[in-house]
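Can you build the whole structure from these sequences, using the hints too?
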Amino acid sequence: MLTWKDIVNFAVNGNPNPDFRVEKTESEWKSQLTPQQYKITREKGTEAPHSGAFCTSYEEGKYSCICCDSPLFDSTIKFSSGTGWPSFTQPITYNAIKYIKDASFGMVRVEILCNTCDAHLGHVFPDGPEPSGLRYCVNSEVLKLETVKEKLDGK
Numbered sequence: 046m047l048t049w050k051d052i053v054n055f056a057v058n059g060n061p062n063p064d065f066r067v068e069k070t071e072s073e074w075k076s077q078l079t080p081q082q083y084k085i086t087r088e089k090g091t092e093a094p095h096s097g098a099f100c101t102s103y104e105e106g107k108y109s110c111i112c113c114d115s116p117l118f119d120s121t122i123k124f125s126s127g128t129g130w131p132s133f134t135q136p137i138t139y140n141a142i143k144y145i146k147d148a149s150f151g152m153v154r155v156e157i158l159c160n161t162c163d164a165h166l167g168h169v170f171p172d173g174p175e176p177s178g179l180r181y182c183v184n185s186e187v188l189k190l191e192t193v194k195e196k197l198d199g200k
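Under this note's numbering, the first residue of the sequence shown carries the number 46, and numbering increases by one thereafter.
Fair warning: there could be bad hints in the mix.
[Claimed, not checked] With a Cα cut of at most 35 Å, we get these calculated DSBU-like pairs of lysine-lysine:
no., residue 1, residue 2
1, Lys50, Lys84
2, Lys75, Lys189
3, Lys189, Lys146
4, Lys107, Lys89
5, Lys107, Lys69
6, Lys146, Lys89
7, Lys69, Lys84
8, Lys75, Lys146
9, Lys189, Lys89
10, Lys75, Lys107
11, Lys89, Lys50
12, Lys50, Lys189
13, Lys107, Lys146
14, Lys84, Lys146
15, Lys146, Lys50
16, Lys84, Lys189
17, Lys69, Lys50
18, Lys189, Lys69
No lab work stands behind these hints, which were simulated from the structure alone. Every value quoted in this text rests on a predicted model; they were computed, and no experiment measured them.
See the structure below:
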């Protein structure tokens, strides 16, 4: 289980290697993504709080990166943070996420990216529930959910 100490260590000293990399040109990303998805994932944007499709959805399944399909989070670690964005306590694997120190907007926080394709996902904070104490605050637009039902139906 990752802790805040692990997150800070990754942000300062380097991230774990991903299982594989996906790299595309900006024009390839633009043709694949909606304008909102592109703005968030490739230009480090954000969606308005409480506006995302996964804010209040708690269907069972796995959340993957909208850009490269890499698994990021499992529904069993999703929780209601009241912040207006989907929140998770851990990534699906220790190397699914890349951590970057972010000193923008007059504050210091840790940006989270897909470790496979560098898509901006959101930020992680040390104010989540136990046992990890982590809150991965993620934009709905960067996620796609494969529900347990879809998997069983072969979709």
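Hint check:
no., hint, result
1, Lys50 to Lys84, "holds, 30 Å"
2, Lys75 to Lys189, "holds, 17 Å"
3, Lys189 to Lys146, "holds, 25 Å"
4, Lys107 to Lys89, "holds, 23 Å"
5, Lys107 to Lys69, "holds, 24 Å"
6, Lys146 to Lys89, "holds, 13 Å"
7, Lys69 to Lys84, "holds, 16 Å"
8, Lys75 to Lys146, "holds, 26 Å"
9, Lys189 to Lys89, "holds, 18 Å"
10, Lys75 to Lys107, "holds, 25 Å"
11, Lys89 to Lys50, "holds, 24 Å"
12, Lys50 to Lys189, "holds, 29 Å"
13, Lys107 to Lys146, "holds, 27 Å"
14, Lys84 to Lys146, "holds, 20 Å"
15, Lys146 to Lys50, "holds, 13 Å"
16, Lys84 to Lys189, "holds, 16 Å"
17, Lys69 to Lys50, "holds, 32 Å"
18, Lys189 to Lys69, "holds, 19 Å"
The earlier numbered hints are all upheld by this structure, with none contradicted.
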